[in-house]
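Chemist: The lines below spell out each chain.
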Amino acid sequence: MKKLLGALCAATMLTAPAFAQDYPERQITMVVPFAAGGPTDTVARLVAEKMSGDLGQQIVVENVGGAGGTLGAGQVAKADPDGYTVLLHHIGMATAATLYRNLAYDTPNAFEYVGLVTEVPMVIVARKDFEPTDFKGFIDYVKANGDSLTLANAGIGAASHLCGMLLMQALETPLVTVPYKGTGPAMTDLLGGQTDIMCDQTTNTTQQIKGGTIKAYAVTTPERLDLFPDLPTAEESGLAGFEVSIWHGIYTPKGTPAEVNERLSKSLQTALADEGVAKAMADLGTAPSSAEDAMPAALKAKLESEIARWKPVIEAAGVYAD
Amino acid sequence: MELFSNLAMGFSVAGSLANLAFCLIGVLLGTLIGVLPGIGATATIAMLLPITFQLEPVSSLIMLAGIYYGAQYGGSTTAILINMPGESSSAVTAIDGYQMARKGRAGTALAVAALGSFFAGTVSTFLVAIFAPPLTAIALKFGAAEYFSLMVLGLVMSVALAHGSVLKALAMVVLGLLLGMVGTDIYTGTPRFTMGITQYADGLNFVALAVGVFGIAEILRNLEDETDREVMTKNINRLLPTRDELRQMIGPVLRGTGVGSVLGILPGGGAILASFASYTVEKKLSKNPREFGQGALAGVAGPESANNAGAQTSFIPLLTLGIPANPVMALMIGAMIIQGIVPGPNVVSEQPELFWGIIASMWIGNLMLVVLNLPLIGLWVKLLTVPYFVLFPIIMAMCSIGVYSVASNTFDLYAVAFFGLLGYLMSKLRCEPAPLLLGFVLGPLLEENLRRAMILSRGDASTFVTRPISALLLLMALGVLVLVFLPQIRKRRDEVFTESDA
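Protein sequence lines correspond, in order, to chains A and B. The first sequence lines up with residues 1 to 322 when you count with the working numbering. The second sequence lines up with residues 1001 to 1502 when you count with the working numbering.
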């Protein structure tokens, strides 16, 4: 027994210092806290493939969906901090901290950071026969007709729900909110003219806008998009401070060595610099984060500022997911 | 004719040697995973997704589509042989298919399922090709009120036709509805009946429930008494259906194809109803409704055709709107996006080769499936002769892997165990699992659409009768009720969901 313990000790001593340099020595699991095939999963698979090439080890995407992404995040929070379990999550990481009052982990203190991956812009859209012709007209029309209009979203905590809450606050007009189970059915009803307005990520809206099946009014980013140069930003049309993007970041469990996070971050930057990734993201109406943003410090700052920003918005709306 | 030139283009794309090979790989894999209990198309496609990145977009989609409808085929094999449906549609096949197998007619049941599916697949593929755009326009007319009325019709059809054990069938539907309530309420975010377990926040896993109440319960029941099984294996009849049986299946297959094609188009859950609706129709039209639940040929032929027709036409919303009708379609969208094709209303005009290539490949794939599966029937039936002590642990292990792979959630495995026991208890009390499953899938849709319709109408309940399609569906539901409760007709009706132990 003593011998065995000794051997074990020797083994750990041997591997410990070599750990960070040799990382990664085996397959890495990237947890995506949403179903396969969704926009977040797509982003994850795009970067995971390129990061695998750079790291020389396969990154396997594992979908651990459920409870607005908090199940997957919780699983990673509890995982061994050895760099072989990473989490790719979006803005929901910050909003869940307020939306869920009984989270199994303390969001700002349960993770280490690798970097930002992409910030997906959102577009304010409406059914194709919605009366206003431009965003200024849209604002006036919505303010005048208020609660006779419906605002669709893909469920509590979804990107479209967050943007919708912000839109109603910015317009100081409550609309009739119609939640759906996911973006697919919400978009179907908007296409069919069953609902009036929605605000959703370009990943979901771009092809429909181009196909003329829905009407776009404004983008939610500080600057206009190359994709839709004619669409104004919400801010330039008079909604001061109205800015939302669905930012995605990669996290590791608390206690993961800094060298490992650095290594992953470098690999993320390489993946984001890849032309194929840039093109695939452009098709979705988004762009890879810059090398400066794809760093641990940038993601940490983003998460902290977003938790602080959404807390009052969610509390004012009084909606919680538990 | 533009249609013919389009189809010709599609067949030239799908008929290339490489694409034929991918189609074959897809349907082969699909059949295999469909036959493995509990492992569904969703998990398989998710696992294979990374491999497809290296392929041409058309090839990868042809392969993924092949897995999808191949799994539909294979899924009915387990439903017939071991009473283990992997998805809601094959739950219906299990009712009469498994009874046929118990009477030694497993070969016939499998052949009928394969031929019926092939016919339905052929017809609905052409429906997709010819009518995709106009059908999409109809699908978009279905709002919350229409879906609610459709679900009412579905529930009424199944419950109202139940007769002898109407109380038990009703109780099972209600229990199913209650189980369907588990999870987060999408309108308020309030968790319901989750007992504080976050893993159930998104509801109970369908596969876990189905595998439990059907499969595990059946295994427990079989372990009580092995003589039953000897009958099953000793009396295996010839594998292919007789001329007379073929003639019997024509009507059910035609009707099933019609019902399935229409319901499959609706992205909000129409396809779920396809096989249930077909079963109800067949039972209602049958001269011997008592046969149903005892191994009626029509009870396999109709629902299997409806199921496959629905699976094909559910591609319509995906291809014409870029909107997924189910989780498998959502995965295919993910695959397309990674390939640089963002699905949307313009795919037909911007990527005609992709669109028509996939449609042509669906027909080729269906042909491959029938050619592949008819000879395999002998092999599947032989599986029944595998001794219990080998077969059952394998089934249990496969189920556990399959259920776990859906969401990597250990709580789904606890659910399998729980529902296995519940299913066993139910079989002791002579309650049928099929109405429970129907309640479980329809209940949440019913509630969701009822509440959404009420929100959209600002609380005005007349929305259900002032919208024409919804009113029509409700009238049909009323008509079914009246028909059933007219006494003289009533005499001729038996329960829909009987699968008594006789």
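To be clear, the hints were calculated from the coordinates, so they are not data collected in a lab. Here the structure is a predicted model, which is why all the values come from computation and not from measurement. We treat Cβ as the ideally placed atom computed from N, Cα and C, and that holds for glycine. Hints may be right or wrong, so weigh each one.
[What the hints assert, rightly or not] With a Cα cut of at most 30 Å, we get these calculated DSBU-like pairs of lysine-lysine: (1) B:LYS1141 <-> A:LYS128; (2) B:LYS1141 <-> A:LYS143; (3) A:LYS215 <-> B:LYS1141; (4) A:LYS210 <-> B:LYS1141; (5) A:LYS279 <-> A:LYS78; (6) A:LYS254 <-> A:LYS136; (7) B:LYS1428 <-> A:LYS181; (8) A:LYS128 <-> A:LYS78.
[To be verified] Okay, the calculated bits of chain B under chain A, using three or more residues with CB under 8 Å as the criterion: (9) 1040 to 1052; (10) 1177 to 1187; (11) 1278 to 1289; (12) 1342 to 1355; (13) 1415 to 1425; (14) 1470 to 1478.
Chemist: Against each hint, give a clear statement of whether it holds in the structure.
Modeler: Verification of the hints:
1. Note on B:LYS1141 and A:LYS128: the hinted pairing holds, with a Cα-Cα distance of about 14 Å set against a maximum of 30 Å.
2. The straight-line distance between the Cα atoms of B:LYS1141 and A:LYS143 is roughly 28 Å, inside the 30 Å bound, and the hint therefore holds.
3. Straight-line distance between C-alpha atoms of A:LYS215 and B:LYS1141 comes to about 18 Å, which keeps the hinted pair within the 30 Å bound.
4. Between A:LYS210 and B:LYS1141 the CA atoms are separated by roughly 22 Å; this keeps the pair inside 30 Å, and the hint holds.
5. Taking the CA atoms of A:LYS279 and A:LYS78, the gap is about 35 Å. The hint is violated against a cut of 30 Å.
6. Distance restraint check for A:LYS254 and A:LYS136: the Cα-Cα separation of roughly 46 Å exceeds the 30 Å cut-off, and the hinted pair is therefore not satisfied.
7. About 37 Å separates the Cα atoms of B:LYS1428 and A:LYS181, which puts this hinted pair outside 30 Å; it is violated.
8. Using a Cα cut-off of 30 Å, the hinted pair A:LYS128 and A:LYS78 is violated, with the two alpha carbons roughly 46 Å apart.
9. Only residues whose C-beta sits within less than 8 Å of a C-beta in chain A count toward coverage, and the stretch 1040 to 1052 of chain B has 5 of them, enough to reach three; the restraint holds.
10. Remark: the stretch 1177 to 1187 of chain B is confirmed as covered by chain A, as 3 of its residues place a Cβ nearer than 8 Å to a Cβ of that chain, reaching the required three.
11. By the rule of at least three residues with a Cβ nearer than 8 Å to a Cβ of chain A, the coverage given for the stretch 1278 to 1289 of chain B is violated, with 0 such residues.
12. For the stretch 1342 to 1355 of chain B, the stated coverage by chain A is satisfied: 5 residues place a CB nearer than 8 Å to a CB of that chain, which reaches the threshold of 3.
13. Restraint check on the stretch 1415 to 1425 of chain B versus chain A: 0 residues with Cβ-Cβ distances below 8 Å, three needed, restraint violated.
14. Judged by the Cβ-Cβ criterion of 8 Å, the stretch 1470 to 1478 of chain B is not covered by chain A as claimed, because only 0 of its residues qualify and three are needed.
Consistency note: the structure conflicts with the earlier hints numbered 5, 6, 7, 8, 11, 13, 14.
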